[in-house]
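From first to last, the protein sequence lines are chains A and B.
Read in order, the letters of the first sequence correspond to residues 2 to 243 in the numbering used here.
Read in order, the letters of the second sequence correspond to residues 281 to 567 in the numbering used here.
Treat the hints loosely; a few may be bogus.
As the list claims (entries may be wrong) - Taking lysine-lysine pairs in the DSSO-like style, the calculated list, with each CA pair at most 27 Å apart, reads:
id: 1; chain 1: B; residue 1: K367; chain 2: B; residue 2: K386
id: 2; chain 1: B; residue 1: K356; chain 2: B; residue 2: K395
id: 3; chain 1: A; residue 1: K183; chain 2: B; residue 2: K494
id: 4; chain 1: B; residue 1: K349; chain 2: B; residue 2: K337
id: 5; chain 1: B; residue 1: K349; chain 2: B; residue 2: K360
id: 6; chain 1: A; residue 1: K220; chain 2: B; residue 2: K551
id: 7; chain 1: B; residue 1: K462; chain 2: B; residue 2: K360
id: 8; chain 1: B; residue 1: K346; chain 2: B; residue 2: K360
id: 9; chain 1: B; residue 1: K433; chain 2: B; residue 2: K462
id: 10; chain 1: B; residue 1: K346; chain 2: A; residue 2: K183
id: 11; chain 1: B; residue 1: K360; chain 2: B; residue 2: K393
id: 12; chain 1: B; residue 1: K489; chain 2: B; residue 2: K367
id: 13; chain 1: B; residue 1: K395; chain 2: B; residue 2: K337
id: 14; chain 1: B; residue 1: K489; chain 2: A; residue 2: K183
id: 15; chain 1: B; residue 1: K349; chain 2: A; residue 2: K183
id: 16; chain 1: B; residue 1: K494; chain 2: B; residue 2: K356
id: 17; chain 1: B; residue 1: K433; chain 2: B; residue 2: K349
id: 18; chain 1: B; residue 1: K395; chain 2: B; residue 2: K346
id: 19; chain 1: B; residue 1: K514; chain 2: B; residue 2: K356
id: 20; chain 1: A; residue 1: K183; chain 2: B; residue 2: K356
id: 21; chain 1: B; residue 1: K462; chain 2: B; residue 2: K514
id: 22; chain 1: B; residue 1: K551; chain 2: A; residue 2: K119
id: 23; chain 1: B; residue 1: K349; chain 2: B; residue 2: K462
id: 24; chain 1: A; residue 1: K183; chain 2: B; residue 2: K462
id: 25; chain 1: B; residue 1: K549; chain 2: A; residue 2: K220
id: 26; chain 1: B; residue 1: K313; chain 2: B; residue 2: K367
id: 27; chain 1: B; residue 1: K356; chain 2: B; residue 2: K346
Don't read these hints as lab results, they were simulated from the structure.
The structure displayed is predicted, hence computed values, not measured ones.
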Amino acid sequence: MNVLDNFFLIALPYIALAVFLVGSIYRYTYKGFQLSSLSSQFLEGRRLFYGSVPFHWGVLFLFTGHLIALLFPRGVLAWNSQPVRLMILEITAFIFGISMLIGLVNLLIRRYTTPRLKTVTNRMDLVIYILLITQTFVGLWIAYNFRWGSSWFSSLLTPYLYSIFTLQPDTAAVVLLPWTVKLHIILAFTIVGLIPFSRLIHFLVPPINYIWRPYQQVKWYWDRRKVRSPRTPWTLQRPKNN
Amino acid sequence: MRKKFLKLIKAGLSLAMLVNIAFAQSAGETTFKNTCAACHTVGMGKLIGPDLANVDKRQSEAWLIKFIKSSQSVIKSGDKYADSIFKAFNQVTMPDQASLTDAQIKEVLEYIKSKSPAVTASSSTSTESTSETTSATTSNGDASRGRDLFVGKLRFSNNGPTCNSCHNVDMEGVISGGALAKDLTQAYSRLGEEGVKGVISGLPFPQMKQSYEKSPIMEQEIADIVAFLKETDKQASAKSTASVGSTMLIGGIIGVIVLLVLFSIFWIKRKSRTVNYSIYERQIKST
Numbered sequence: 002m003n004v005l006d007n008f009f010l011i012a013l014p015y016i017a018l019a020v021f022l023v024g025s026i027y028r029y030t031y032k033g034f035q036l037s038s039l040s041s042q043f044l045e046g047r048r049l050f051y052g053s054v055p056f057h058w059g060v061l062f063l064f065t066g067h068l069i070a071l072l073f074p075r076g077v078l079a080w081n082s083q084p085v086r087l088m089i090l091e092i093t094a095f096i097f098g099i100s101m102l103i104g105l106v107n108l109l110i111r112r113y114t115t116p117r118l119k120t121v122t123n124r125m126d127l128v129i130y131i132l133l134i135t136q137t138f139v140g141l142w143i144a145y146n147f148r149w150g151s152s153w154f155s156s157l158l159t160p161y162l163y164s165i166f167t168l169q170p171d172t173a174a175v176v177l178l179p180w181t182v183k184l185h186i187i188l189a190f191t192i193v194g195l196i197p198f199s200r201l202i203h204f205l206v207p208p209i210n211y212i213w214r215p216y217q218q219v220k221w222y223w224d225r226r227k228v229r230s231p232r233t234p235w236t237l238q239r240p241k242n243n
Numbered sequence: 281m282r283k284k285f286l287k288l289i290k291a292g293l294s295l296a297m298l299v300n301i302a303f304a305q306s307a308g309e310t311t312f313k314n315t316c317a318a319c320h321t322v323g324m325g326k327l328i329g330p331d332l333a334n335v336d337k338r339q340s341e342a343w344l345i346k347f348i349k350s351s352q353s354v355i356k357s358g359d360k361y362a363d364s365i366f367k368a369f370n371q372v373t374m375p376d377q378a379s380l381t382d383a384q385i386k387e388v389l390e391y392i393k394s395k396s397p398a399v400t401a402s403s404s405t406s407t408e409s410t411s412e413t414t415s416a417t418t419s420n421g422d423a424s425r426g427r428d429l430f431v432g433k434l435r436f437s438n439n440g441p442t443c444n445s446c447h448n449v450d451m452e453g454v455i456s457g458g459a460l461a462k463d464l465t466q467a468y469s470r471l472g473e474e475g476v477k478g479v480i481s482g483l484p485f486p487q488m489k490q491s492y493e494k495s496p497i498m499e500q501e502i503a504d505i506v507a508f509l510k511e512t513d514k515q516a517s518a519k520s521t522a523s524v525g526s527t528m529l530i531g532g533i534i535g536v537i538v539l540l541v542l543f544s545i546f547w548i549k550r551k552s553r554t555v556n557y558s559i560y561e562r563q564i565k566s567t
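For reference, chain A alone in the conformation it holds in the complex (with noise of 0.2 Å):
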């Protein structure tokens, strides 16, 4: 069990980082324009819309809840030293925890029963629906069984994650924790290790400046609805596409 441990929990984080540092800094080096999730809104948009924006949100929320939890423990543990507002924050973790969760079957649903997308689908895919999946579950299953985790992992957590980034990895406390955690931990670090092998890697190139970049213009020059009809006969202009 001790050896399971600290391979599990101190040499697959190091793995992992390592292989996404080296991993990512290659491929976006050497393999450029590929940094990207391979969009499939062209092929099928109706279904992607309650996959993909649930599960941005929730993902986005539930992220920064973590990365919170991980750089300010203490202010964590101020906000949670009132019973309502601790309620507040894990009820709502708790809520974009399911919206994700709802995304990302639905995400796999269509991706699995549109005959269109399979041509652009791998198996990278898949394995990468499964381990989210599967983490989000287990995320949501300790949020329930487990609780008040917000509070736990700003004391018991971030001290063991510090240990791991300053080189002096020390998993007394988290050894000790129910298997569901550690899971959750191993499956993180997994996650994070495949980023550079799968589609995971657009997260590193979010089009962030797309919220304040101007607006593209684009002007037409004839009239798009009479030219867009098919019913319209060409009589001028061959019709073109929007």
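Given chain A, work out where chain B should sit, using these hints.
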């Protein structure tokens, strides 16, 4: 000349040995105080774990080393004595002391042996040994302050996490606590006053150590919490307040529905068909 030199060496060696012995003893003592004393005494009665006086007469050294390193594996191996102790002490798992070397454990055992009262090997298991020490000190804690500390309305003066991050207490008007660690409703009768104090101040469990090592709880705060736990133990209501889980579940489901509705409203103007839907349409019609 040569004889003198030899003498000097001899004297030096014996001095070194003496120092070594003295040092070894104190090393055993420090290890005992740092790792064992929160739950065990030598000849002062039981705390969370049994009194260790004359423990060397109860079991062999090899057995003790094995048990100290991993008590659960000894219990699981079917050792009847280990199992009976585990049951007698409320099934509180003794943390594995895997980081101690055999030599260190031997030092501790040596220290225990030296402290053990020579003749009073009264009982084979110290389970029966009275816990008079527990009632010796009367607590001067304030239960309502202890309750505020437990729940978090009052923060610990060193900003440690609140107790209910991980622990639950069933009591009316107290928000359900965490479910990660042991339920403390009955902790007072399980461990006794000294036991509860010992756990909070001595931090024998790694998770407690991790959480409070750098932000220790002050003595008065400990007394308050002990007073609060004494009260919960007395009240120990039959009705449990463990409904927080369902609140979370229901709140979560309602929240998700609200969230999905919000998404739909916010992006109501989205293109509901694929971008190239009209292209396909046109091509199909024109053929």
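Each hint, compared with the structure:
1. Taking the CA atoms of K367/B and K386/B, the gap is near 26 Å; set against the 27 Å cutoff, the hint holds.
2. Restraint check: the Cα-Cα separation between K356/B and K395/B comes to about 31 Å, which exceeds 27 Å; the hinted pair is violated.
3. Our distance criterion of 27 Å between C-alpha atoms is met by K183/A and K494/B, whose separation comes to about 24 Å.
4. Under the criterion of a C-alpha separation no larger than 27 Å, the hint pairing K349/B with K337/B is consistent with the structure, at around 19 Å.
5. Taken as a hint, the K349/B and K360/B pair is honoured in the structure, with Cα atoms around 18 Å apart against an allowance of 27 Å.
6. A threshold of 27 Å between alpha carbons decides the hint, and for K220/A with K551/B the separation of about 20 Å falls inside it, so the pair holds.
7. A distance of roughly 25 Å separates the Cα atoms of K462/B and K360/B; the hinted pair therefore holds under the 27 Å criterion.
8. For the hint pairing K346/B with K360/B, the CA-to-CA distance comes to about 15 Å; that is within 27 Å, so the pair holds.
9. Restraint check for K433/B and K462/B: the C-alpha separation of about 21 Å stays at or below 27 Å, so the hint holds.
10. Under the criterion of a C-alpha separation no larger than 27 Å, the hint pairing K346/B with K183/A is consistent with the structure, at around 26 Å.
11. The straight-line distance between the Cα atoms of K360/B and K393/B is roughly 24 Å, inside the 27 Å bound, and the hint therefore holds.
12. A distance of roughly 25 Å separates the Cα atoms of K489/B and K367/B; the hinted pair therefore holds under the 27 Å criterion.
13. Between K395/B and K337/B, the direct Cα distance comes to roughly 14 Å. Compliance with the 27 Å bound is thereby established for this hinted pair.
14. With a CA separation close to 19 Å, the supplied pair K489/B and K183/A stays within the 27 Å bound.
15. At most 27 Å may separate the alpha-carbon atoms for a hinted pair to count; K349/B and K183/A meet this at roughly 22 Å.
16. At most 27 Å may separate the alpha-carbon atoms for a hinted pair to count; K494/B and K356/B exceed this at roughly 34 Å.
17. Between K433/B and K349/B, the direct Cα distance comes to roughly 39 Å. Violation of the 27 Å bound is thereby established for this hinted pair.
18. For the suggested pair K395/B and K346/B, the alpha carbons sit about 22 Å apart, so the restraint of at most 27 Å is met.
19. For the proposed pair K514/B and K356/B, the alpha carbon gap of about 34 Å is over 27 Å, so the pair is violated.
20. Only pairs whose Cα atoms come within 27 Å are accepted, and K183/A paired with K356/B is accepted, the gap being roughly 22 Å.
21. Using a Cα cut-off of 27 Å, the hinted pair K462/B and K514/B holds, with the two alpha carbons roughly 18 Å apart.
22. Distance check on the hinted pair: K551/B and K119/A sit about 23 Å apart at the alpha-carbon level, within 27 Å; holds.
23. Note on K349/B and K462/B: the hinted pairing holds, with a Cα-Cα distance of about 22 Å set against a maximum of 27 Å.
24. As the CA atoms of K183/A and K462/B are separated by approximately 18 Å, the hinted pair is consistent with the 27 Å bound.
25. Distance restraint check for K549/B and K220/A: the Cα-Cα separation of roughly 21 Å lies within the 27 Å cut-off, and the hinted pair is therefore satisfied.
26. Distance check on the hinted pair: K313/B and K367/B sit about 25 Å apart at the alpha-carbon level, within 27 Å; holds.
27. Of the supplied pair hints, the one linking K356/B and K346/B holds, its CA atoms being roughly 12 Å apart against a limit of 27 Å.
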